[in-house]
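Letter by letter, the chains look like this.
Protein chains: 2
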Amino acid sequence: MVHPRIPFLKKIALFAPLPDASLERLAEIAGLQRFSNHGYLFREGEEPDFIYCFIEGGIVLVGGVDEREAVIEFFGPGESVLLPAALLGLPYLVSARTTSDGQALLIPAGKLRQLIDEDVALAAQCARMLSRHWRVLIGQIKEIKTHGAAERLAQFLISQSEKATGAATLTLPGMKKEVATRLGIKPETLSRTLKKLRDYGVETDGDSIRIQSIERLAAFVNSDHD
Amino acid sequence: MVHPRIPFLKKIALFAPLPDASLERLAEIAGLQRFSNHGYLFREGEEPDFIYCFIEGGIVLVGGVDEREAVIEFFGPGESVLLPAALLGLPYLVSARTTSDGQALLIPAGKLRQLIDEDVALAAQCARMLSRHWRVLIGQIKEIKTHGAAERLAQFLISQSEKATGAATLTLPGMKKEVATRLGIKPETLSRTLKKLRDYGVETDGDSIRIQSIERLAAFVNSDHD
DNA sequence: TTTCCTCCTTGATGTGAGTCAAGGCGAACC
DNA sequence: GGTTCGCCTTGACTCACATCAAGGAGGAAA
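Read top to bottom, the protein sequences are chains G and S.
End of the first sequence = 226 in the numbering used here, gap-free, step of one.
End of the second sequence = 226 in the numbering used here, gap-free, step of one.
Some clues are possibly wrong.
As the list claims (entries may be wrong) - Calculated from the model, a selection of chain S residues having no Cβ within reach of chain G, i.e. all distances over 12 Å:
# : residue
1 : Arg-5
2 : Phe-35
3 : Glu-67
4 : Gly-78
5 : Ala-121
6 : Arg-132
7 : Thr-181
Unchecked claim - With a cut-off of at most 25 Å between alpha-carbon atoms, the simulated PhoX-like pairs for lysine-lysine come out as follows:
#  : chain 1 : residue 1 : chain 2 : residue 2
8  : G       : Lys-145   : S       : Lys-11
9  : G       : Lys-176   : S       : Lys-145
10 : S       : Lys-186   : S       : Lys-196
11 : G       : Lys-195   : S       : Lys-145
12 : S       : Lys-10    : G       : Lys-145
13 : G       : Lys-145   : S       : Lys-163
14 : G       : Lys-186   : S       : Lys-195
15 : G       : Lys-196   : S       : Lys-145
16 : G       : Lys-186   : S       : Lys-177
17 : G       : Lys-145   : S       : Lys-177
To be verified - Just the calculated beta-carbon pair ranges, DEER-fashion:
#  : chain 1 : residue 1 : chain 2 : residue 2 : range
18 : S       : Thr-189   : G       : Pro-19    : 49 to 59 Å
19 : S       : Pro-7     : G       : Ser-213   : 25 to 35 Å
20 : G       : Lys-176   : S       : Gly-76    : 36 to 46 Å
21 : G       : Ser-213   : S       : Arg-198   : 24 to 34 Å
22 : G       : Lys-111   : S       : Ala-21    : 21 to 31 Å
23 : G       : Asp-224   : S       : Glu-28    : 14 to 24 Å
24 : G       : Pro-91    : S       : Glu-162   : 17 to 27 Å
25 : G       : Ala-219   : S       : Arg-43    : 32 to 42 Å
26 : S       : Arg-113   : G       : Gln-160   : 40 to 50 Å
27 : S       : Ala-21    : G       : Lys-176   : 50 to 60 Å
28 : S       : Pro-17    : G       : Arg-43    : 22 to 32 Å
29 : S       : Val-2     : G       : Lys-163   : 34 to 44 Å
What the hints contain is simulated information worked out from the structure, not anything from laboratory work.
Beta carbons: idealized from backbone N, C-alpha and C, even for Gly.
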């Protein structure tokens, strides 16, 4: 008798590699929830109730408020957020705004904290996933500190395209103004910078972007162009 | 018969909360090593051999090379680095330059990867420590994206002082030029910015800094001062 | 003492991105 | 249809920080 939520758990990178026994324990406590676009799933400063694992649709993690808002990263299907806050039982450092309709698995933070002290497979997998997140953030910090706006945008576009070579088409994971603060720039600057990248084979049409050659863009990122 | 390296392990935040059984397993594989100032402990791109836990002295984590160098963070006694790379078995994303003489516990990455799949206490503790690091990095990203140079410097000085109120004296954790890139600015700008902060009660004398009132500095960070 | 470093500071000038302000464009609604 | 509203783009101007260039201060070695 397999639990009906197991197939959903298998879609989440954090849980997919776990043995059946662990998955079943998680399935017991997990809940499925729909959400709609342009809302907040949770806000900075709140106590951690759940971790969110996205089955469909996605969110953008933002820190700070209004004019001092910093977009940390976009998250979509298969990804999960809030593990750090849940494990430590500390208030969220960020808010999550939905970027589309969708549904998410919610795992209660308290129960997860219990499980992690009893289940090696789960604990080890959490550590590995957190390690991956750490590396993503390090990459972002290096990029902000060492590259200008145009290079950061180019790198971001490359990271958003699944392919690693040739031409690619992608859809921006959120509104342009969210993409702008993800890159640490203003919407006006994003607009101008996208125009500059036309010279390097980047065509824009609304929130859909076409890269003529990923290699060419990548060359631009790594060039010193003094 | 207690292992002689256990007292050292107890000084490391990552391991301190672990039960004796876990500590003994770690003690078996750990080694103690001295290092001297102005050298590299490891470099970006290398395969992970060890995680480094600092007993005495410290390092600065830097990404990139030379003129495109980004200082990620300073680490000192009780702290540890490279857990993410070790757990995933992926090449280092950063290099470590020593900022003083000192000694570190080295834990072999391969052995640690084995242990973590067998020892719940260790795995859970790694997950918690990685969660803490995640939150530190998120804080840094928010700060870079939402605050100007003077505010970032002020916040950094506050974070470096142990106290949370009143007056404080602190020593910069590295050379001024390293502090500068930690803040995402140039050494010249750091110099000028420190001068500006004199108006807010920050006195500089070489690498030693005196803050007259932490509350006053904190107020400056959070003010919009338009 | 001298030279020769390396690190830091200071001043003059340059520039990338921010700010301010106007308008375009599509979606939703009456 | 027309109106409104939110998102994006564009242009003119500003400013924070970078760059370039010239010392100064301290330490090490001869």
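Against the structure, the hints:
1. Listed as a non-interface residue, S:Arg-5 keeps its Cβ farther than 12 Å from every Cβ of chain G; the least gap is roughly 23 Å.
2. The claim that S:Phe-35 lies off the interface holds: its Cβ sits roughly 22 Å from the closest Cβ of chain G, which is beyond the 12 Å cut-off.
3. The beta carbon of S:Glu-67 is not kept farther than 12 Å from every beta carbon of chain G, the shortest such distance being approximately 9 Å.
4. The claim that S:Gly-78 lies off the interface holds: its Cβ sits roughly 18 Å from the closest Cβ of chain G, which is beyond the 12 Å cut-off.
5. Separation of S:Ala-121 from chain G is inadequate, the least Cβ-Cβ distance of about 8 Å not exceeding the 12 Å criterion.
6. The Cβ of S:Arg-132 sits about 7 Å from the closest Cβ of chain G, inside the 12 Å cut-off, so the non-interface label is violated.
7. The beta carbon of S:Thr-181 is not kept farther than 12 Å from every beta carbon of chain G, the shortest such distance being approximately 7 Å.
8. For the given pair, G:Lys-145 sits about 33 Å from S:Lys-11 by alpha-carbon distance, which is inconsistent with the 25 Å threshold.
9. Restraint check for G:Lys-176 and S:Lys-145: satisfied, since their Cα atoms lie roughly 16 Å apart, inside the 25 Å limit.
10. A hinted pair counts as satisfied when its Cα atoms are at most 25 Å apart, and S:Lys-186 with S:Lys-196 qualifies at roughly 15 Å.
11. A C-alpha spacing of about 23 Å is found between G:Lys-195 and S:Lys-145, which places the hinted pair at or below 25 Å, so the restraint holds.
12. Distance restraint check for S:Lys-10 and G:Lys-145: the Cα-Cα separation of roughly 35 Å exceeds the 25 Å cut-off, and the hinted pair is therefore not satisfied.
13. With a C-alpha separation of about 29 Å, the suggested pair G:Lys-145 and S:Lys-163 falls outside the 25 Å cut-off, and the hint is violated.
14. Using a Cα cut-off of 25 Å, the hinted pair G:Lys-186 and S:Lys-195 is violated, with the two alpha carbons roughly 29 Å apart.
15. This hinted pair checks out: G:Lys-196 and S:Lys-145 have alpha carbons roughly 22 Å apart, not beyond 25 Å.
16. Of the supplied pair hints, the one linking G:Lys-186 and S:Lys-177 is violated, its CA atoms being roughly 28 Å apart against a limit of 25 Å.
17. Pair hint G:Lys-145 plus S:Lys-177 holds up; C-alpha atoms about 14 Å apart against a cutoff of 25 Å.
18. For the pair S:Thr-189 and G:Pro-19, the supplied restraint of 49 to 59 Å holds, since their beta-carbon distance comes to about 53 Å.
19. Against the hinted window of 25 to 35 Å, the Cβ-Cβ separation of S:Pro-7 and G:Ser-213 comes to about 58 Å, which falls outside the hint.
20. In this structure the supplied range 36 to 46 Å holds for G:Lys-176 paired with S:Gly-76, their Cβ-Cβ distance being about 42 Å.
21. Between G:Ser-213 and S:Arg-198, the C-beta spacing of about 52 Å breaks the proposed range 24 to 34 Å.
22. The hinted range of 21 to 31 Å is satisfied by G:Lys-111 and S:Ala-21, whose Cβ atoms lie roughly 26 Å apart.
23. The supplied range of 14 to 24 Å is broken by G:Asp-224 and S:Glu-28, whose beta-carbon atoms lie about 48 Å from each other.
24. At about 23 Å, the beta-carbon gap between G:Pro-91 and S:Glu-162 stays in the expected band of 17 to 27 Å.
25. Range check, G:Ala-219 to S:Arg-43: Cβ separation about 25 Å, and the 32 to 42 Å hint is violated.
26. Checked against the hint of 40 to 50 Å, the C-beta distance between S:Arg-113 and G:Gln-160 comes to roughly 31 Å, which is inconsistent with it.
27. A hinted range of 50 to 60 Å holds for the C-beta pair S:Ala-21 and G:Lys-176, which are about 54 Å apart.
28. Taken as a hint, the range 22 to 32 Å holds for the pair S:Pro-17 and G:Arg-43, whose Cβ atoms sit roughly 30 Å apart.
29. The given range of 34 to 44 Å is broken by S:Val-2 and G:Lys-163, whose C-beta atoms sit roughly 56 Å from each other.
Checked against the numbered hints above, the structure breaks hints 3, 5, 6, 7, 8, 12, 13, 14, 16, 19, 21, 23, 25, 26, 29 and satisfies the rest.
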